[in-house]
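Take 97 as the starting number for the sequence shown in my numbering and just add one per residue.
Hints listed in this document are in silico derivations from the structure and should not be mistaken for laboratory results. Mixed in with the good hints, there may be bad ones.
To be verified - List time: in silico DSBU-like cross-link candidates among lysine-lysine, alpha-carbon distance up to 35 Å:
{"id": "1", "residue 1": "Lys252", "residue 2": "Lys230"}
{"id": "2", "residue 1": "Lys266", "residue 2": "Lys217"}
{"id": "3", "residue 1": "Lys294", "residue 2": "Lys217"}
{"id": "4", "residue 1": "Lys173", "residue 2": "Lys153"}
{"id": "5", "residue 1": "Lys262", "residue 2": "Lys252"}
{"id": "6", "residue 1": "Lys294", "residue 2": "Lys266"}
{"id": "7", "residue 1": "Lys145", "residue 2": "Lys270"}
{"id": "8", "residue 1": "Lys241", "residue 2": "Lys266"}
{"id": "9", "residue 1": "Lys174", "residue 2": "Lys294"}
{"id": "10", "residue 1": "Lys125", "residue 2": "Lys174"}
{"id": "11", "residue 1": "Lys122", "residue 2": "Lys286"}
{"id": "12", "residue 1": "Lys252", "residue 2": "Lys295"}
{"id": "13", "residue 1": "Lys295", "residue 2": "Lys230"}
{"id": "14", "residue 1": "Lys217", "residue 2": "Lys295"}
{"id": "15", "residue 1": "Lys173", "residue 2": "Lys294"}
{"id": "16", "residue 1": "Lys125", "residue 2": "Lys173"}
{"id": "17", "residue 1": "Lys145", "residue 2": "Lys173"}
{"id": "18", "residue 1": "Lys270", "residue 2": "Lys153"}
{"id": "19", "residue 1": "Lys153", "residue 2": "Lys294"}
{"id": "20", "residue 1": "Lys125", "residue 2": "Lys262"}
{"id": "21", "residue 1": "Lys230", "residue 2": "Lys286"}
{"id": "22", "residue 1": "Lys252", "residue 2": "Lys286"}
Said to hold, decoys possible - Derived CB-CB ranges, DEER-like:
{"id": "23", "residue 1": "Asn113", "residue 2": "Asp259", "range": "37 to 45 Å"}
{"id": "24", "residue 1": "Glu179", "residue 2": "Pro283", "range": "26 to 34 Å"}
{"id": "25", "residue 1": "Glu170", "residue 2": "Ser256", "range": "31 to 39 Å"}
{"id": "26", "residue 1": "Asp116", "residue 2": "Asp163", "range": "23 to 31 Å"}
{"id": "27", "residue 1": "Gly285", "residue 2": "Ser199", "range": "34 to 42 Å"}
{"id": "28", "residue 1": "Glu148", "residue 2": "Glu280", "range": "34 to 42 Å"}
{"id": "29", "residue 1": "Asn180", "residue 2": "Asn247", "range": "29 to 37 Å"}
{"id": "30", "residue 1": "Ser127", "residue 2": "Asn176", "range": "21 to 29 Å"}
{"id": "31", "residue 1": "Glu280", "residue 2": "Ala214", "range": "38 to 46 Å"}
{"id": "32", "residue 1": "Glu119", "residue 2": "Asn180", "range": "33 to 41 Å"}
{"id": "33", "residue 1": "Glu277", "residue 2": "Pro246", "range": "15 to 23 Å"}
{"id": "34", "residue 1": "Asp116", "residue 2": "Asn176", "range": "35 to 43 Å"}
Just so it is clear, CB atoms sit at the ideal spot from N, CA and C, and this is done for glycine as well.
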Amino acid sequence: MMMPENGHRAHGFSSANFLDSDEIIKELKLSGDETFMDAGCGDGHNAIKILEDYNHKGTVYAVDIYDASIEDMETYKKDNNVENLINIEADITEGIPGVEDGSIDVVLLVNVFHGFKASRKLDEAVLELSRIIKDDGKIAIMDYKAWDVPNGPPTKMRSSPEDLEKLFNKHNLKKVYLNEEIGEDIPQGKSHYLIMFKKI
Numbered sequence: 097m098m099m100p101e102n103g104h105r106a107h108g109f110s111s112a113n114f115l116d117s118d119e120i121i122k123e124l125k126l127s128g129d130e131t132f133m134d135a136g137c138g139d140g141h142n143a144i145k146i147l148e149d150y151n152h153k154g155t156v157y158a159v160d161i162y163d164a165s166i167e168d169m170e171t172y173k174k175d176n177n178v179e180n181l182i183n184i185e186a187d188i189t190e191g192i193p194g195v196e197d198g199s200i201d202v203v204l205l206v207n208v209f210h211g212f213k214a215s216r217k218l219d220e221a222v223l224e225l226s227r228i229i230k231d232d233g234k235i236a237i238m239d240y241k242a243w244d245v246p247n248g249p250p251t252k253m254r255s256s257p258e259d260l261e262k263l264f265n266k267h268n269l270k271k272v273y274l275n276e277e278i279g280e281d282i283p284q285g286k287s288h289y290l291i292m293f294k295k296i
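Hey, can you work out the whole structure from these sequences and the hints?
And the structure:
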């Protein structure tokens with residue numbers, strides 16, 4: 097499969113090649129007027145899909161630590177004359193500049209959370225996500241199951257849904273949804289899970 101034009105040139109390969117954006121986004125049950133954030137947007141394919149197909153009246157933030165990803169999203173914004181897209185280069189664990197407390201309806205992280213475990217900054221990440229979501233907002237995390245399988249991050253960097261639930265509970269966030277049958281078909285089953293949290 098070819099890389100998308102704005103292929104994630106800074107960091108590995110795009111999950112667009114093996115995860116279905118529609119499958120993920122439908123899980124979020126968007127009404128179309130949300131303030132939405134694709135956190136760790138990579139090549140931005142999920143953010144673009146939401147802008148084009150799901151969230152016509154809302155605002156979409158695309159956030160990534162890699163400047164190349166944000167440059168590509170700025171190019172997309174300009175080329176397509178998109179007004180409701182805000183691109184921010186930021187390390188989530190150090191705070192996302194320009195995003196007010198309690199301003200985001202839905203934040204989505206696809207194949208991002210294991211990076212916080214790798215950098216030992218899980219608590220910092222959760223605190224920032226909790227800061228930016230509205231009181232009734234939700235944090236949706238899709239990541240690799242904690243299996244020892246060839247594809248994806250090293251096993252020790254993976255978290256199970258139970259691991260995440262413990263972590264988020266510690267920060268006054270509760271699990272409101274879990275789907276363990278999502279992602280790519282691999283010999284062991286479905287590759288991913290999607291879990292959502294809200295403020296208690």
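Each hint, compared with the structure:
{"no.": "1", "hint": "Lys252 x Lys230", "result": "holds (32 Å)"}
{"no.": "2", "hint": "Lys266 x Lys217", "result": "holds (14 Å)"}
{"no.": "3", "hint": "Lys294 x Lys217", "result": "holds (20 Å)"}
{"no.": "4", "hint": "Lys173 x Lys153", "result": "holds (16 Å)"}
{"no.": "5", "hint": "Lys262 x Lys252", "result": "holds (17 Å)"}
{"no.": "6", "hint": "Lys294 x Lys266", "result": "holds (13 Å)"}
{"no.": "7", "hint": "Lys145 x Lys270", "result": "holds (28 Å)"}
{"no.": "8", "hint": "Lys241 x Lys266", "result": "holds (21 Å)"}
{"no.": "9", "hint": "Lys174 x Lys294", "result": "holds (34 Å)"}
{"no.": "10", "hint": "Lys125 x Lys174", "result": "holds (28 Å)"}
{"no.": "11", "hint": "Lys122 x Lys286", "result": "holds (17 Å)"}
{"no.": "12", "hint": "Lys252 x Lys295", "result": "holds (28 Å)"}
{"no.": "13", "hint": "Lys295 x Lys230", "result": "holds (9 Å)"}
{"no.": "14", "hint": "Lys217 x Lys295", "result": "holds (20 Å)"}
{"no.": "15", "hint": "Lys173 x Lys294", "result": "holds (30 Å)"}
{"no.": "16", "hint": "Lys125 x Lys173", "result": "holds (25 Å)"}
{"no.": "17", "hint": "Lys145 x Lys173", "result": "holds (13 Å)"}
{"no.": "18", "hint": "Lys270 x Lys153", "result": "holds (28 Å)"}
{"no.": "19", "hint": "Lys153 x Lys294", "result": "holds (23 Å)"}
{"no.": "20", "hint": "Lys125 x Lys262", "result": "holds (25 Å)"}
{"no.": "21", "hint": "Lys230 x Lys286", "result": "holds (31 Å)"}
{"no.": "22", "hint": "Lys252 x Lys286", "result": "holds (19 Å)"}
{"no.": "23", "hint": "Asn113 x Asp259: 37 to 45 Å", "result": "violated (27 Å)"}
{"no.": "24", "hint": "Glu179 x Pro283: 26 to 34 Å", "result": "violated (45 Å)"}
{"no.": "25", "hint": "Glu170 x Ser256: 31 to 39 Å", "result": "holds (36 Å)"}
{"no.": "26", "hint": "Asp116 x Asp163: 23 to 31 Å", "result": "holds (28 Å)"}
{"no.": "27", "hint": "Gly285 x Ser199: 34 to 42 Å", "result": "holds (37 Å)"}
{"no.": "28", "hint": "Glu148 x Glu280: 34 to 42 Å", "result": "violated (23 Å)"}
{"no.": "29", "hint": "Asn180 x Asn247: 29 to 37 Å", "result": "holds (34 Å)"}
{"no.": "30", "hint": "Ser127 x Asn176: 21 to 29 Å", "result": "holds (23 Å)"}
{"no.": "31", "hint": "Glu280 x Ala214: 38 to 46 Å", "result": "violated (21 Å)"}
{"no.": "32", "hint": "Glu119 x Asn180: 33 to 41 Å", "result": "violated (24 Å)"}
{"no.": "33", "hint": "Glu277 x Pro246: 15 to 23 Å", "result": "holds (20 Å)"}
{"no.": "34", "hint": "Asp116 x Asn176: 35 to 43 Å", "result": "violated (22 Å)"}
Consistency with the previously given hints fails for numbers 23, 24, 28, 31, 32 and 34, ordered from lowest to highest.
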